[in-house]
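Both chains come to you apart, so use the hints to assemble them.
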Amino acid sequence: MGPLVPDIISGELNYIIALIVGIGFGFALEQAGFASTKKLVGLFYGYDFTVLRVFFTAGITAMVGIIVLNHLDLLDIDIIYINPTFLWSALIGGGIMGLGFIIGGFCPGTSACAAATGRVDGMAFLFGSVIGIFIFGEGYPVWEGIYTSENWGAVLMFDQLNLSRETFGLLMILIASFAFIMTQIIENRINNKETKWFKPTIIKNTIAIATPIIIVLFVMVTPTKKEVMDKRINEKIAAGECNPKIMKGDKLAYELMNQYYKFNVVDVRSPEEYEKFHIPTAINIPLETMHKSENLGTIIQNIKINVFYGADIMQSQRACMISKYFGKSDNFSLELTADEFNQQYFLISEVDPNGTKESVDVQNFRIEAGKKLKEIGEAVANLDKPVVKKAKRVSGGCS
Amino acid sequence: MTTETPKKYMNPYLAGFFLGFVLLLTIYITGRGLGASGAFKSVAIQTVETLAPEHAANTDYYTDYKASHPEGPMKSWLVFEVLGVFIGAFLSGVASNRVGLKLEKGPGVRNATRIIGAIVGGALFGFGSQLGRGCTSGSALSGMAVMSFGGIITMLAIFGSAYMVAYFFRNLWIKKQ
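Here the protein sequences line up with chains A and B, keeping their order.
Going left to right, the first sequence walks through residues 1 to 399 as the UniProt record's numbering numbers them.
Going left to right, the second sequence walks through residues 1 to 177 as the UniProt record's numbering numbers them.
So that you can see chain B by itself, here it is in the shape it has in the complex (with noise of 0.2 Å):
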């Protein structure tokens, strides 16, 4: 968009404080955490119901939803929440000339395998993020602030199956060696 160079990122301790902050605040008010895949969750069920509603009706998955969000998928914290995630990530991007078009990967991937990798793991972060009750926002760091022993274990789960993982897609990631 500019031609001016991206600013340096803020120091992480610094970030981090702030996000906690956030994350307090959130707290103090609302009485829960902060969460990210549950909006996503109202987007796909949305999704479903407007689509093939004569399925979501005969689905029990999609009617037990339905019972106990009586106001609608779309009408929830989370969605709101993650709406003003994207407008205060777009704000900080433009704050730090860093927002453009533009695609993100390790070093000799193609484009391709970039875009598939991201939809694959995308597809099982979602899967795994229902399974656990909450991603890395809702369930990890949300469950740390509150001493969950679920959150903490999921937190655990995520980044020990990462390390464990990690090695064997390092091509799509760092320099063959």
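The shape of chain A in the complex, shown without the other chains (with noise of 0.2 Å):
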């Protein structure tokens, strides 16, 4: 799954990658003619909407490729990189840009386009903004305050207008393929040209704008892998067919004590919930996102049995269930709580003196067992627990 780097690419391969998508990225900004001061700048002055028409075309691909990556689990949103927003320093920021843009006539990637194809504009334009970062690193005290002001965070645009991203991205489409044929309308008439529908070219247009329309929608219709995954084991359940093997807290006791490392504790509750009280050499999975490809890895083994526990027996057993359903079979269900379970082998000290013989015999066992239990648990910590893969946000932007 996506993105490759760190996990399957190092990162001084991804230096290499930089440079091949850089090349990618030049020879197609130069193609669609942004080396030329005259192409980009025709956009404010209506007689050249090349820069629309290819800023928009790309953002909406992209935009549109992550939609279906997303869908297809082949990319994790949650941790590409999404620039964060500081209202004002963005606002104050791209004003300031658009004045450079209008007076210098381009903006960095496409200045380096320019003095690569030998535009000496493009190499004064290049210096320029070299001396304009290095003011804003001498002046920093000064403008540090609106730098850093009105933090977001890294606000996603759909969530702000409460769309879902498929949403958003239809509306974006629609405004490019409006924001298209208008631009061509008004080019046509700054440069005295008579604006003309030919058919084959009206059926053109309609096929490149229904196309990522279609993909959309197909990507609103159909369930992702995770839905299937649901509405399986939903089905499952609700027809009585929910009956993982069940492991009694004993058992798992006295396994533990004994063999520790045949036993893969899954803790399938939030990190919050893990980190307050979990079983000894357990290891903590959330149910929700136990179908990701990094926990799969763990959890679909051949070596170890894996025991399910979480706050009800409902989620052990769901999570059974999950695991049965990528094709790992041994897995038992924690008859105990996370909760029960504490209680039962850590929380108690005395042992009622009247019960019967077995009764105080039990006991005796888990209390003795709670205190392995946390000696094992201690001296795993560090050794023997499988490292949690954490899927970190990637960094990135432009600093």
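Incorrect hints may appear among the rest.
Covered stretches of chain B, going by a simulated chain A footprint (3 or more residues, C-beta under 8 Å) [what the hints assert, rightly or not]:
no., stretch
1, 5–12
2, 16–29
3, 33–39
4, 86–94
5, 97–103
6, 125–138
7, 149–155
Hints listed in this document are in silico derivations from the structure and should not be mistaken for laboratory results.
Beta carbons: idealized from backbone N, C-alpha and C, even for Gly.
What follows is the structure in structure tokens.
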């Protein structure tokens, strides 16, 4: 599952990737005519809307691509870099950049293309931007306040509008299409050309606009892998086919005391609950993230027997179903919930002397087990515990 | 360089599709988008560190940068990417006969005016890109692809402000009427 860096592609190789995608980037910009300042500025005087066409088409292509990759579980959008929102600096910075665009006739990426193809004005702009960045660095204390104020974090546009990612994607496609048509009319008027819509052009354009719309609609109506999984499991539970093997608390305690390494004890509650209490040697994989590829590797293996427990028996049984769904057959659902286990082995201290011999024996065993498990847990905590792979958000941006 | 006439530019929608595909591939592989101004920042900081090491060591801005980029400013993903941009643009220019030393400017504009305009405009853009945490590539385009709120409002601010001031600088770009 993407992104491939850093799990599949190393940090060093990433620099080579940077060079290669940079070549693609530069090639595309130059082919589009972005090395020419007149073509860029045409956008603002109405005689050439190439920038808008290229920019919007590129943005929508990538946007729709991300929607599709996310839908197919090929890209984890929770960890890709999202430009953070600092309201004032974004607006003021953008405003200054717009002014620079008109006066200088480039933006940084396009000036690099212009310089590479021998445009002296591009080189001058490049030089200027380094100076501008230098000024920013030198006077940083002066604008630090604006720079860091109104930090909203990684806010997403569609969340702000209370829309789904897909609906917002559709909206963007429609806005772009409308802009493409309008700017064609404006451009023709300014260049004193008559706007004619030939039938083949209309058909071609309709296909071009309809394709991304159909793709996004398709994503909206088809369920994701997780939705299919949830549906199947729900059906099975409804049909009464959810009857995983149950492991008794004492049995688990006994097994862990003697051969903990044979068991993969999985706490399927939230990380916060796990933090408060967990059975020694247990790892934490919240139920709703279990289907993710980085977690499946821990669950679907042939060496250890899975024992799931949660805040209630439903959670642990569901975890068994998920594990089974992905092909692991050796699963147990712990009879006790996390709290019950905690109560039964760790929070008892006194043996009730008036009980039967059998119950006194059991209680003695549990107290003993609690102590032993704690020791094992501490010993194992740093040694034997599988490394919990937590995918971190990629850092990116222009700083 | 050659006497051949430059080839026509690619169809903008096709070029846009290609660019979007490169961006998508970048996000899929690396989890981050494209950028440009970040590499210029590396150059600016490296220059200061080389020419005025004492000043760099005594100014918070540079020491903070150094702390967050222990491998030095030039060993950054964006520096390699922009290096690629230069190569890619050059190759594309060669393939389409568009490489050649030249100064492009609006009709009737003097060379000196154009150069000064480019430097001043560049400085403004460079400054703005730091304040806005990225330029047209890193903030606007990549931000739009991942639907970042900050990226999209930066994009609107860039183009909105350019349209607002375009009238006042029309003599730089279009014929006087």
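Hint check:
1. Counting residues of the stretch 5–12 of chain B whose CB lies closer than 8 Å to any CB of chain A gives 3, so the stated coverage by that chain holds, three being the minimum.
2. Residues of the stretch 16–29 of chain B with a Cβ under 8 Å from some Cβ of chain A number 14, which satisfies the need for three, so the listed coverage holds.
3. Under the rule that three or more residues need a Cβ within less than 8 Å of chain A, the assignment of the stretch 33–39 of chain B holds, with 6 such residues.
4. Residue count for the stretch 86–94 of chain B with a Cβ under 8 Å from a Cβ of chain A: 8. That meets the three needed, and the coverage hint holds.
5. Interface restraint, the stretch 97–103 of chain B with chain A: holds (6 residues with C-beta to C-beta distance below 8 Å; minimum three).
6. With a cut-off of 8 Å between beta carbons, the stretch 125–138 of chain B has 14 residues touching chain A; three or more are needed, and the interface restraint holds.
7. Given as covered by chain A, the stretch 149–155 of chain B passes the check, having 7 residues with a CB less than 8 Å from a CB of that chain where 3 are the minimum.
Figure legend: structure checked against the earlier numbered hints; every hint is met.
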